[in-house]
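Trainee: What follows is the residue order along each chain.
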Amino acid sequence: MIGFITTQEQAEAVNSAIAKAQTDRGLPVCWLVGSYFIYSGEHEGKTFIPCNELIMNTPLIGNPPKTPMDFPEFTQIVSTLGGLESRINIDPQDISPPIQPEDS
Amino acid sequence: MANNKYNLSVTEGVEPYKLSIVDGTELQLSLNGGQGPIGPANTLAIGTVTTGATGTPAAATITGTAPTQTLNLTLPRGATGNTGATGATGATGATGATGATGPAGADALWNFRGEYSGGLSYAIGDVVTYGGETFYRTDAHGGNTGDTPSNVSPYWDLLAAKGESISNALLLSGGAMDTDAIITLDTTPDGNGSYLESTIGGDGFSTLQYTGSQSLDYYASITPNGIAIGRNTDANIISLNTDVASNLTMTSDNGTSVQTTSFSGYGIGFDNGSSVIKGTTDAGLGGNNGVALKCSLAYELKWDTGLLYTMEPDGFTIRRVDHCRNITPTTFDDNTKGFVIGSIWTLDDGRSYVCTDNTTYNAVWYPYSPALPVFIWNEGDPEPVSQNVVALQIQASGAVTEGQPIPNNINITITFAGVGGTCSYTLQLTSGTVFNSTTIAASLASGLYSEIALLPATQSNLVYNYNNFVAVDIGAGNYADLTGISLTCNYGTASAPANLGAGGVIQYCTFIPYGIGQFIIQSYGTRQWICSFANPILWTEITNSVSTSTKTDLSGIVYSNGTNLISSPVYSTVTSASSALGSNIVFFNSTTSQAQVTDIYDADANAYITSIKASGAVVSDYQQKAITQFILDGKSTGWWSSIKRLYLPIWGSATPNATDMVSLTSGSFVGGITHALGYVQGDGTTGYFSTTDTPSSLGMTTSGGSCFALVNQADSRIDTRFFIGQTDASNRRVYLNQTGTSTIATTLYGAGASPTNSSTARNGMFLSVINATNSRYLKRISSEGIAFTITVTTNDTTLPSTLRQPYVMANNNNGTAANFSDARLGVYGFGLGMSSINGDKFSISIKRLWETCTGFNIP
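Residue numbers (our numbering), protein chains in the order written: chain A, 136 to 239; chain B, 1451 to 2309.
Only chain B is shown next, with the shape it has when bound in the complex (with noise of 0.2 angstroms):
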């Protein structure tokens, strides 16, 4: 490195700067000549400034060395300026001393006069009012007379002009609106002198209307004790007083005559939701809607044309009327004024009537007794307190133990309590007989033992005990048909009625209670009588509204042999026919003849209806009839031997509507199920009814079969949906379905046999029937009345299904279920085949059963 020689290249500003190594210890450097680097920059700072004489020169010196130097400056005083503007006022000096108290100036010259004469004087300052304004007198005039003030006027001024806006006085008194202010605002009188004057203060604000006597006429007013609105002869009509707890009083007597207070509108209603109003509709028709009770749920307690309503939440719907004077309802009182089906209808007598049809202009209406007391007590004991009430008494003479022979004979005394008086019967138990259920029964029908005299003095109450009854012949002691009473043609000169058949014979009579003292038999068409329990017994016909009659005595009644049954109702008797039939009555002549009263009873129906009981459900007394009416039909009509499941779910829980009618036996409802009271209905997903048999254990074949469904509501959906349904891999099939648009298919066994329903409606009643092997036909039922088509089809060659029970609402497809439906349906079952009559029939009684026991109507 010593003999080696470095250049090294420095930039800086312009000229390079060279670096030269020249030998191992020494470092040499040389600079190239040009300009140096820039150096600091310089300050300057100010020093001493001296003020020189007038008239010398400035001067300036700068010490110190680069960059850090002083400026020290020495100015010559300027000669003398010219004078300033003049300074501001000074601050206000201390108030001087009080001056001396001057004269006494002049009085004041103000003499009111009061209101302008022309006959008067005036001096100056006197004041005068004229024309509602006040003037100022300002030249005496020489004590001229008759300067008339005015505003232009060189002899007045105008101290105060009238106003614009108010156009009588403005009377301010009693302060600057002190404590005792009154503001009154008058108003003109108008043509007939009455005017209203207005004030506010004192205790409030009042308008009062005065005549021009100023004789008070009406007045409102708003106090801190409340609200007034009246008129001067009355009592105040309306107030507001809060001196008595904040009470509102409307009050509408003048003292001379009856005022009305009107509402409008909602009525008066109750912080607690209920209310007082006008009502709803005016269901019942004939009124003007009434006045009306209404609870917070909207139900109605209304009184109207007379007459006390208990209407359902909307406001149409009648529940029942009470004081009906003494019109009794007709078939006009139906759905158009609210009726419904269980609508009661009560006289001022007490009397009722229930509605069992409501259809327009045929509404049927039956004499409706609430349940009836009974008391029993041993004699000997107090008899309770009848008080001219209707009361079923039985009265026993001794004690009996069951499975011992009775002791003595014991008389059962059975007394009929009401307004008419009483009648009592007696039924004896003989000594000796052992007390038990079928040695009572036995002694009762052997008619031994059982007779009840009816007592002809006071007989008169003994419908109270009757409620819909059938009258069944029972001939001697046997309990054949119900063809065995019958009417002859004690109709004076009218004809037997052609619905009673040939010889008149009454297929069905039904035994109603009506009124006191009497009740109607009444045809299963539309024929009535009347029986009175008079002496002699009479019957009066009351055909519908037609009220012809022809009064018999109770010798109209025969047997269909032409015997009579009773040849005098005064010597008539009555017995009990069955213990087991425990309202059971006889009539039987001093003979052998007798004619059994009894209640519609049928064993199928009563185990039905037992069942569906002891599953919960509530069965009215309506639906028992109609149920146990709809089995009779068919027994006697034929059909119901053909039926072999019928389900009748309108009791609202799964149990009841799983219950078949027929046998008892119960199917399942799985999934997704709707139990409306009414119908169910499957939620189109999940939910079906698996009926447990197989259509060919159930009797059904490909040349008698049958399958029904009572469709309240078809499904919505616009594709294929089973109310009940069967397939299987053979194609062996029972089913019953809405298609894609609008038309109902079956099949029963087999492909081509599916007669389809030409209707575009998917509601009603549909029975679909396989009779021979080439037969088939679907029907329907609607409001509309009875329409079928029928397919004739080639023999059936399948077999029946003998693997796959159908289900309902779903189709059963080999085990699976499918084609879900959600719709409504109130009955549906399979069975044999039937005539096309019997069809019909079948689905007329499917409708009033179904009808009957829910309210609704089929669509």
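Chain A extracted, bound-state conformation (with noise of 0.2 angstroms):
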């Protein structure tokens, strides 16, 4: 899982941009990158913000539809993270929540 590792509230101000580019061009809040606390690992403790091409590439509106790259906002935001480069490969496990008992 390829992303920036970061801490709650720089994690909270990249959602909230994110937010804000859409409500300021008249738009709903469709899409967030979100942001995953972490359990385990070499980086626990910390904040993980995911940024794969998956979530880089979603189509966001448009035909042919936008996606967060055709944003400078986004682009803005990878590069206050450090850009692209930055970008670390963990373990998905470590940003898994305890699975639940489905009837807990």
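These are computed hints drawn from the structure, not numbers from a lab. Where a beta carbon is used, it is the ideal one built from N, C-alpha and C, also for glycine.
Among the chain B residues that face chain A by a calculated CB cut under 8 angstroms, a handful are:
| id | residue |
| --- | --- |
| 1 | 2122 |
| 2 | 2123 |
| 3 | 2133 |
| 4 | 2266 |
Both chains are sitting in their own frames, so use the hints and assemble them into the complex.
Mentor: The structure is reproduced here in structure tokens:
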């Protein structure tokens, strides 16, 4: 799983900026990258922002659909997080919350 | 030190040496006697060697002193030895002078006499051929005759024997393989008298087959100019001629009959990846694959059994089939033949049909018309040339300005032009009316100025403007309900069909264009009627493929109160009903009765479709009609008001997929989500959809709530994964999930309210409902039908959730997304409780909606 390691505060700022980019254009907030607490592994306790090809190429709106990479705000956010080259690969298990029992 | 004495011992050899210091100034060394040290090695060089006289003694002297000395020798000469061996021959001497020319020799005796004849005598030197061999006469035998040549004859010598491996002659001509050399190989004629002759040389290689009469039959040749294979009576059957830009020509005409040039394997390929091949499959059935033009992307244009198919790259799926003569599609033109929803079928006369359901043996085809061109021009302007094509023309007799009174009466004439002629309608706008959308709408609605006369003699093309209409009774200007139009028992002796309900009332009618001068009214069930715009107008029942029918006239349409709508079609009139619904047409008679024919329309559906389109999604006509019909069904049945959030994420991008069909509000996709055409799929790790509303804010209670999800493909992992989920610390839960192995579980508020699907399947449309404080059910509809499990529980005392909105493709566990799923979901949402019967109807409508819109079938 490729993405950025950051703090919870910065992750919230990133998602707020993505939401604002949509509302500023008169659109509903239909897409966010999300943020995920890291439960285990080398970066335990930090926050993970996924940023793989699937996410960067998510079709958002229009025909042909625009993707996050078509919006300058997203490119700027990626730059703020250190650029795509600063992404790291973590084990998806590290961000997976403990499985809930079905009836807990 | 002067009086001291020191003794030193030096070991050298075997005898010790002693060193004594006897006083301060002298050093005396006394050595004990014994063997001295080993001296240097002597060298002895050879000095002079002198030969003495024979018989004198040898002498040797050493001169010099050791270690360098010289040995001088004197050696007497020996006695004379024995004679040695003869030496090697010397080099050849120079060539001598040429001798004188000798006398002339006798002539060689060599007289070729041809083929041996037993009646002739032969002399020495005669040469004959016999039995394929050549013999030389060695003995005249006194001129005797009958001396047959053989290799054992005393009179003949074998000069040239017959070859072993070549059965016939090997003829070399033209000299020693110069430029004219030819090697000819002949075979022995077979029983039919034909034989092969192969030649090498000259222009190249060739093999010829002759008949016994020496006439050329077949040939094959390879020359610098090309390759040719043929028959004497044909043009070249196959030739590759380098003289003409390497053309490859295959000719199948032998001059007397048409021959076939056959290909096997993959046909003819081109270097751009396209090809001419035998069709990939027998899609459409009834043929033998046909012949196809196949492009590099594998799409085929196939000619098979006299029909022209346009195929998808799989070689089986039919996009359209043309030139179908006058044969219309049937229920058997289905998925087994390669037809899919949206496939087009066109007859020779141009009529087309579209497949809306490709179910095996139950395919449904509707007449289909392409988009209608519309021409608008002012009176006096040149008219466009219709050329007998279907066209809608609108002509206005004057100009108006929005917001200003209309200066004069303006007639707007609408003309339909088609193969069978034209028909025209006139809409009059009266002078003094202020032209804006409100006044025009009011004017049209009043009917005072909106009459459009249906010209009885030329109305045959009216149908082209009808495309999937629903008949609606508007009474006397009142847009009432859908039950107004009914068919009475004008079926001759037949009784009213049962599915029309009491009194033969048609709940829904769909008007469908059907050929020239006709359209179909289709009831919501299976019955259909054709309306023919003849004079009088005819109705023909075509219930499925059972064409019974009874013809009646338009007077068969009556109000439910029994009053005839139109007493005679000749006097029927048509009017526009509303400017807001531009294609509405109202039938009414000369008095006040009216019936409206309008597009399938629902305001909620229209708003949703408009929103989806605004986000860039392409919504096809079929999808629009499916959505409209879905909501109309819901409103008619009663479950629509129970649905509070319904997402149809089939559009391929996030914005339309996030739009709620009910409220048009938007949820949010978070993390990794695949937006495919037909479904969304989380990545199973980060992707989910947040619905933004809490269950309680949607009106869900512990005695009335529902959630649902259409699962196109379940998560493959064997642990708990949520389709929809919301849990919080107070145990107020709403969720629908797949459990560890094979079951589907759901909870709507409170522990113990978890009916579990007993089916082993985890795919399908799942609906979880709580109807009362002690009754819950979980329904599943799949390709196999509806099944449900119901669990009765005790009263739930927990409060409805007010804090957490449900997530889709994950569970909202106290604000944290968990239990991510990578299932493929086609529809999901929430609502209030609904009866089991309505739950069934809702599930079926969801199935129909999703399948029609996506072309997929529910698992």
